[in-house]
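A.B. asks: The primary structure of each chain is shown beneath.
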Amino acid sequence: KQEVTQIPAALSVPEGENLVLNCSFTDSAIYNLQWFRQDPGKGLTSLLLIQSSQREQTSGRLNASLDKSSGRSTLYIAASQPGDSATYLCAGTQGGSEKLVFGKGTKLTVNP
Amino acid sequence: EADIYQTPRYLVIGTGKKITLECSQTMGHDKMYWYQQDPGMELHLIHYSYGVNSTEKGDLSSESTVSRIRTEHFPLTLESARPSHTSQYLCASSQFGVARGYTFGSGTRLTVV
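As they're listed, the protein sequences go chains A and B.
The first sequence begins at 1 in the working numbering and counts up by one.
The second sequence begins at 1 in the working numbering and counts up by one.
A hint or two may mislead.
30 Å max Cα-Cα, derived DSSO-like pairs, lysine-lysine [to be verified]: (1) K57(B) / K17(B); (2) K31(B) / K1(A); (3) K1(A) / K42(A); (4) K42(A) / K107(A); (5) K99(A) / K31(B); (6) K99(A) / K42(A); (7) K1(A) / K68(A); (8) K1(A) / K107(A); (9) K104(A) / K31(B); (10) K31(B) / K17(B); (11) K104(A) / K57(B); (12) K104(A) / K68(A); (13) K99(A) / K18(B); (14) K57(B) / K31(B); (15) K104(A) / K42(A); (16) K18(B) / K42(A); (17) K99(A) / K57(B); (18) K18(B) / K31(B); (19) K68(A) / K107(A); (20) K31(B) / K68(A); (21) K1(A) / K99(A); (22) K1(A) / K104(A); (23) K42(A) / K31(B); (24) K31(B) / K107(A); (25) K57(B) / K42(A); (26) K18(B) / K57(B); (27) K57(B) / K1(A); (28) K68(A) / K99(A); (29) K68(A) / K57(B); (30) K17(B) / K42(A).
If the Cβ cut is set under 7 Å, some of the chain B residues that face chain A in the computed set are [unchecked claim]: (31) K31; (32) Y102; (33) S106.
Label-pair restraints from in silico Cβ distances [stated by the list, open to error]: (34) G40(B) / P112(A): 22 to 30 Å; (35) E63(B) / N111(A): 37 to 45 Å; (36) G28(B) / Q54(A): 21 to 29 Å.
Just so you know, these hints were derived from the structure itself, not from any lab.
Positions of the beta carbon are idealized from the N, C-alpha and C atoms, including for glycine.
In isolation and in its complexed conformation, chain A is listed as follows:
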């Protein structure tokens, strides 16, 4: 059974810092990987999708990469802002299954 671990569970940084969030899968055969943002009590907002043929995606200050050999993904946030404060979730599908499996998330707090 696929399990997803996100490290750290929580992170507090001053505004302007660059930071990295980590995600690892027990089964490295990841087909698609998606990073989401969740604000308290809200739904999920998709940030980046890495498709099966890709290794990296960038959107603005966000960059996500996937190492399929190890089943590890990182989300890099540049020049963090207080508005980035949220819980960040990574999730992946495996070949033959359309179901996303989620980690517990990293709760990020960016202090002004």
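Given the structure of chain A, go ahead and fit chain B onto it with the hints provided.
C.D. replies: Below, chain B alone, put in the same frame as chain A:
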């Protein structure tokens, strides 16, 4: 502008009541999903559908049921609500053959008293 809508946003209801959580999407997606999320915990898949008249149970056992009579609509029903059903329920959709990933609704926060 939301492409997937969930109602109600919040619901407080007494034990034993029947409830239906609504989920609709305007993207024409084939696949729809229901996830359950307890506070501070990961999302768990409880139901999914790959098209009209297709429904399957997910990885987490749930007493709820779902139906998919129309492509755009995927309601979840609890016949008799209990306090153990208190949780957040998130609906999502995606499309076969188009790797745009999942789109999630805003969720329904259910409290059973």
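A.B. asks: It remains to establish, for every hint, whether it holds in the given structure.
C.D. replies: Quick rundown of the hints versus the structure:
1. K57(B) / K17(B): 22 Å, holds
2. K31(B) / K1(A): 22 Å, holds
3. K1(A) / K42(A): With a Cα-Cα distance of about 28 Å, the restraint between K1(A) and K42(A) holds, given a limit of 30 Å.
4. K42(A) / K107(A): Roughly 14 Å between the alpha carbons, so the hint for K42(A) and K107(A) holds.
5. K99(A) / K31(B): 10 Å, holds
6. K99(A) / K42(A): At roughly 21 Å apart (the allowed maximum being 30 Å), K42(A) and K99(A) satisfy the hint.
7. K1(A) / K68(A): 17 Å, holds
8. K1(A) / K107(A): 25 Å, holds
9. K104(A) / K31(B): At roughly 23 Å apart (the allowed maximum being 30 Å), K31(B) and K104(A) satisfy the hint.
10. K31(B) / K17(B): 29 Å, holds
11. K104(A) / K57(B): Judged against 30 Å, a Cα distance of about 21 Å means the pair holds.
12. K104(A) / K68(A): 20 Å, holds
13. K99(A) / K18(B): Given pair K99(A), K18(B) holds - Cα atoms ~28 Å apart, limit 30 Å.
14. K57(B) / K31(B): 14 Å, holds
15. K104(A) / K42(A): Holds, at about 15 Å.
16. K18(B) / K42(A): Holds: K18(B) and K42(A) sit about 24 Å apart, inside 30 Å.
17. K99(A) / K57(B): Roughly 11 Å separates the two Cα atoms, so the pair holds.
18. K18(B) / K31(B): 26 Å, holds
19. K68(A) / K107(A): At roughly 25 Å apart (the allowed maximum being 30 Å), K107(A) and K68(A) satisfy the hint.
20. K31(B) / K68(A): 25 Å, holds
21. K1(A) / K99(A): 12 Å, holds
22. K1(A) / K104(A): Judged against 30 Å, a Cα distance of about 16 Å means the pair holds.
23. K42(A) / K31(B): 22 Å, holds
24. K31(B) / K107(A): 29 Å, holds
25. K57(B) / K42(A): The hint holds at about 24 Å.
26. K18(B) / K57(B): The given pair, whose Cα atoms are some 20 Å apart, holds under the 30 Å limit.
27. K57(B) / K1(A): 16 Å, holds
28. K68(A) / K99(A): 18 Å, holds
29. K68(A) / K57(B): 29 Å, holds
30. K17(B) / K42(A): The hint holds at about 25 Å.
31. K31: 6 Å, holds
32. Y102: 6 Å, holds
33. S106: With a closest approach of 4 Å, the S106(B) hint holds.
34. G40(B) / P112(A): 22 to 30 Å: 25 Å, holds
35. E63(B) / N111(A): 37 to 45 Å: 42 Å, holds
36. G28(B) / Q54(A): 21 to 29 Å: 25 Å, holds
In the structure shown, no violation is registered for any of the earlier numbered hints.
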